Amino acid sequence: MNRTKDTARFARIADKVRANEALDADDGLFLYTYPDLLAVGALANERREALHGDKTFFNVNFHINPTNVCVADCKFCSFARLEPDAPAAYTMSIDEVKQKLLDRMDQPVTEIHIVNGLHHHLPLDYYKDCLRELKALRPDIHLKAYTAVEIHYFAEKYGMSYTQVLSELKEAGLDSMPGGGAEIFAERARRKLCRGKADADEWLAVHRAAHELGIRTNCTMLYGTVETLEERIDHMLRLRDLQAETGGFQTFIPLAFHADNNSLQKLPPPTGVDNLRTYAVSRLMLHNIAHIKAYWIMIGIKTAQISLSFGVDDLDGTVQEEKIYHMAGAETPQALSRVDLVRLIREAGRVAVERDTLYNERWTDDGEALDGIRIDASLPYSTQGQGVRLNVL
Amino acid sequence: MTTETTPSQPSPTTLRVQAVSFLNARPLIHTLLDPKHAPRHADGTPMFEVVEALPSRCADALAAGECDLALVPVGAYADHPEWEVVPGVGIGCRGAVDTVVVCSRWPIEEVERVYLDGASRSSILLLKVLLHEAGLSPELVPVDHGVGEGLVADASTDGSGPKVAALIIGDAAFGVAGRFEHVWDLGTKWFERTGLPMVFAFWAARPGVLTPAHVTALQKARDRSLGKYAEAIAKHYRDELLASGEPGAAQALSEQAYATYLRKTIRYGLETQQREGLVEYLDRAREAELIDIPGLHPEDPVHIHFAGEAAPEVLVAARRRRSSRSPLDVDAILARAAAGERIDLAEGIYLYENAELMALGEAADQRRAQLHPEPIVTYIIDRNVNYTNYCVTRCKFCNFYVPPTDKQGRGYVLSKEQLAKKFRETEALGGIQILLQGGLNPELGLDYYEDLFRWTKQNFTLKLHALSPTEIIHIAQIEELSVEEVLRRLQAAGMDSLPGGGAEILDDEIRARISPFKNSTAEWLEVMRAAHGLGMRSSATMVFGFQETAEHILMHLERLRSLQDETGGFTAFITWPFQADGTRLKLRDDTSAFRYLRVQAVARLYLDNIDNIQVSWPTLGPEIGEIALRFGANDFGSVMIEENVVSTAGAHFMMTAKEIESHIRLAGFEPQRRTMQYGRVEAS
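Top to bottom, those sequences are chains A and B. Residue numbering for the first sequence follows the UniProt record's numbering, starting at 1 and increasing by one per position. Residue numbering for the second sequence follows the UniProt record's numbering, starting at 1 and increasing by one per position.
One chain only, chain A, in its complex shape (with noise of 0.2 Å):
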């Protein structure tokens, strides 16, 4: 490799970067390659704050699965039964989906994420009873429902179009859509790994069609399975031509493949620097898609943290049944997850926004106490050079 030559070429692409132009599949590629990782870093850092600043955005949501029964044998796929008698195999009653909200009601939730498996027999009345029903419950809550994969599921089987599907359901409730079952578009991955799913343009064309009616959404690829680098180069364009075209993506998410209980067990998963990379990469590559996000329930919070400084400006959700590590004296595992994730991203030098799902911001970190934790960073490192103190009171 010729090193004086691919910094040459490096500076060229800073520049267009600079200049916010669109980087070409070339270019992506050799950002992928090229041997200087925290160079690459540093140039979507640049990116990262020249949109958002020291800004990180989360979000107080929590998820439900309705039903984890699917007619999709996906082979990266831990969640899904094929079968509903299969074992572990469930379909909530609208009940019990009520329930989970009901088990929250006095929390400060702004958003639920509701996504289910491709259900062999439940009607159409089903997932749209789920939103009115959660929406009469709290009518502020913002839904954010059912993948670009079920509402094509849903449109075959239905024999309705991607609209007439997505209007119903809007006049139900839902409020956005998650960026879920992008998975890779390339066609020979797609063949490996979820033969039978939505392809790349039937995604493609729900997201059009929801953002056509006011709908905004999520885009996300899955990657550390079967694609190649220039597959997630690929990927990634299809979704900026789009964007281009639209404008209704709001955010970008990564999803690093974990090969835990599915058939793709012997493939080593991404780890801590192809993660970075391709954090770097994305938020290079997608000059118009304002956010990318790190699910740190994914990688875990140590990479998360890292990720801040290589292009990610968001940092998903507070996830209440999650279990987020712990801290001597600890409080509620609601509040100390808002202050372990106020902390790590305080400890790394910016600044928490929390976030409604449209990015409208409703807090601000301050430096201040939160929740009977005194996080004692309102001098930040950079001055004081005493690290972040926190000090259970």
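Everything labelled a hint here was simulated from the structure, so no lab data went into it. Do not take every clue at face value.
Stated by the list, open to error - To give an idea of the chain A side of the interface with chain B (calculated C-beta under 10 Å), a few residues: (1) ASP36; (2) GLY247; (3) ARG343.
What the hints assert, rightly or not - A short, non-exhaustive set of chain A residues, derived as facing chain B with CB atoms under 7 Å: (4) GLY41; (5) ALA89; (6) VAL273.
Keep in mind that this is a model prediction, so the values were computed, not measured. Backbone N, C-alpha and C fix where the C-beta goes; we use that ideal spot for every residue, glycine too.
Go by the hints and put chain B onto chain A.
Same frame as chain A, now just chain B:
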């Protein structure tokens, strides 16, 4: 020179001091009372204004705020854990003390009543602890100072009265041992039971009044008096005694005997082992429910607040530079450091405080590539064997140790059979070395280690990367040998190199807070200096996350760099964040991965003379381990076949050689097995 200060209105920096006039206290106050040599501030103001008083009175005066600093019996500390103690100075003994004795005409075990003759709280408490542990409970009767001996001497031996004894302390106790058939020297008794020194008194101050200058002055006053004036103090004491016409005058000892008492019997230090003895004493008193320390959790050992000492010159210079007008520039410093140029302490602190993570990383990565141009990352296969978990130091940040007094059977010392099994497994897994570390177990002397090392070398091909400085110091102390002698003998028995553990933060202010009974900064460095001098290499470590400042971190690195300039004996540096789960250390600090990468990158740049930087994946996980290879590190540490210490405090990562190699490759390097000295080993 005029000193206008009055006792009621002292100048703010003149401390009002109360001290006892016993002979054994004189070396501590002799210089303070010397009109010519009494320590003064730069403007001539005296640092201390000393009034002499009885021991118990000193403590009362300090508690009442009638003085700022006092020489107090350690027993009084139980009521005032807020007092700050002067580090390094105390009055104690290791074995016989001569001046705290119980005398009787009957064997002490048979005694029914003990007169407490003018005794201090410390000595009464010590007697009670020893009686409690011996299962004895005679009646204790306080009497006036000076009458105890007579009461025992005059007691009838015909069985008509109780069998009596007297606890006699201070100067009145000189020679008592020779006048009675049955004597308990409490220093001896304590040493027999614990193997530890006893500390009777120390300088304690109201919180916040002591400055480093005061601390240094008190330490120097002790050194000066003992160094030059022990004989003069002894003579002066004897002359006074003879002139006083007191009853004791007739029994005065020789000048030489008093001097020997000052020079040999009494120990005026308050270093690691004395601190251990001190805490053991207070803990045993607490266990026997003789004292109760306010605000202290029953599970926690006694914590003693030591006052801070003076800043080293290099730090003073760095502070001066930072407050000077010439501005420092992050980019310029980074560029120089990345090119391998030396940066000074002020610059290091400035980088740590101001440089962005990514900029630090890029500079550290450049420097790493300059030192190790081949794209190779090394690792070693060894096994961490913790031969014992008994430990006397009770570090608050440790979740591994069991105190020697533990009665729940949680402690262990591995047998040779157990060790042989572990060693054989290590060899079978391709391991080439044992990292042998353990607690500070008072039962294990030098011969234990010599035997263990010889046995290892006779039966296995493994290298012994053994015993951190903390353990070496412990062995030296229990054997009363020099550190160098201990190292020489261990080396002769088969020790190859030393791990760099026990360094934590090499700053006595931080150490006093987290591990007051562990070796000091100077002691740690001295062991490394001696080991390197004998041709043994070692690693160096730093654990952060104890609320240390940038200065503490950079001073740690400065101390390592400076010793490395001298000896060249450090092979590698490893840093990691404190693992807090389940430990008794309640403070919480930033121990994030973000800070870890910053610290490691700064270390790579500052330690320009240490070749290798190891990542600490056992505490941070393999993902951050990978990333850390881009922040200055060139070594992936060890395939730890076993680890017991951080894994009891929340770090649970384990990896095989194959996994380690995979992570090294994912980070863009080729893996290479190595020895402790960083020689290459071909994988078999």
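Status of each hint after checking the structure:
Checking A/ASP36 against chain B: minimum C-beta separation of about 8 Å stays under 10 Å; hint holds. A distance limit of 10 Å between C-beta atoms decides the matter here; for A/GLY247 the minimum to chain B is near 30 Å, and the interface restraint is violated. Because the smallest distance between the Cβ of A/ARG343 and any Cβ of chain B comes to about 8 Å, under 10 Å, the interface hint for this residue holds. The interface hint given for A/GLY41 holds, since its Cβ lies 6 Å from the closest Cβ of chain B, which is under the 7 Å cut-off.
Given the 7 Å rule on beta carbons, the hint for A/ALA89 is violated: about 32 Å separates it from the nearest Cβ of chain B. Contact between A/VAL273 and chain B, as hinted, is supported at the beta carbon level, the nearest pair being about 5 Å apart and thus within 7 Å.
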